[in-house]
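Asker: In our numbering, the protein residues as written are 1 to 151.
If you're looking for bench data, these hints aren't it; they were derived computationally from the structure.
Since the structure is predicted, the reported quantities are computational estimates derived from the model, not experimental observations.
There is no bait here: all hints are sound.
Derived DEER-like restraints, expressed as beta-carbon distance ranges: (1) 127 with 8: 35 to 41 Å; (2) 129 with 44: 32 to 38 Å; (3) 113 with 12: 36 to 42 Å.
No residue lacks a Cβ here, since even glycine has one placed at the ideal position from N, Cα and C.
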Amino acid sequence: MADVASRLLDLGCYEISLGDTIGVATPADIQRLLDVALKTIPVERLALHCHDTYGQALANILTALDYGMATIDASVGGLGGCPYAPGASGNVATEDVLYMLNGLGIETGVDLDKIVESAWFISDILGRPPRSKLAMAKRPSPARADADPAR
Numbered sequence: 001m002a003d004v005a006s007r008l009l010d011l012g013c014y015e016i017s018l019g020d021t022i023g024v025a026t027p028a029d030i031q032r033l034l035d036v037a038l039k040t041i042p043v044e045r046l047a048l049h050c051h052d053t054y055g056q057a058l059a060n061i062l063t064a065l066d067y068g069m070a071t072i073d074a075s076v077g078g079l080g081g082c083p084y085a086p087g088a089s090g091n092v093a094t095e096d097v098l099y100m101l102n103g104l105g106i107e108t109g110v111d112l113d114k115i116v117e118s119a120w121f122i123s124d125i126l127g128r129p130p131r132s133k134l135a136m137a138k139r140p141s142p143a144r145a146d147a148d149p150a151r
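Could you build the full structure based on these sequences and the hints that come with them?
Answerer: Shown next as structure tokens:
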């Protein structure tokens, strides 16, 4: 991985996103991955992409933050999946990541309430609830949604 990533950077890639696209990694896996990657790749050139199949995505992201990573892929409502890995769930939910970052005192400049509203808007269109713990806990009331003139 480190050799391929270093070569990609040499070829002009500006960032290497390390992915757990089937959502089976644990924090120990992320530690081992970053211990190898950071020997040859600057942390500011790395991103992390986690799926939450086994509920470890936030713990994995927290581990990456401890290593100094600042770019994290996420998807509103936990949308997405992995077409080549049956059973893999969606991406880690943006709103769950933001809630954790806010709790850590990390300023993101993102309006968490608007992200939750977006998660429900998209999920309602898809006809299924979001995969986000936060969106489930903070579902906007129907009266609030109807009162929004933008809808």
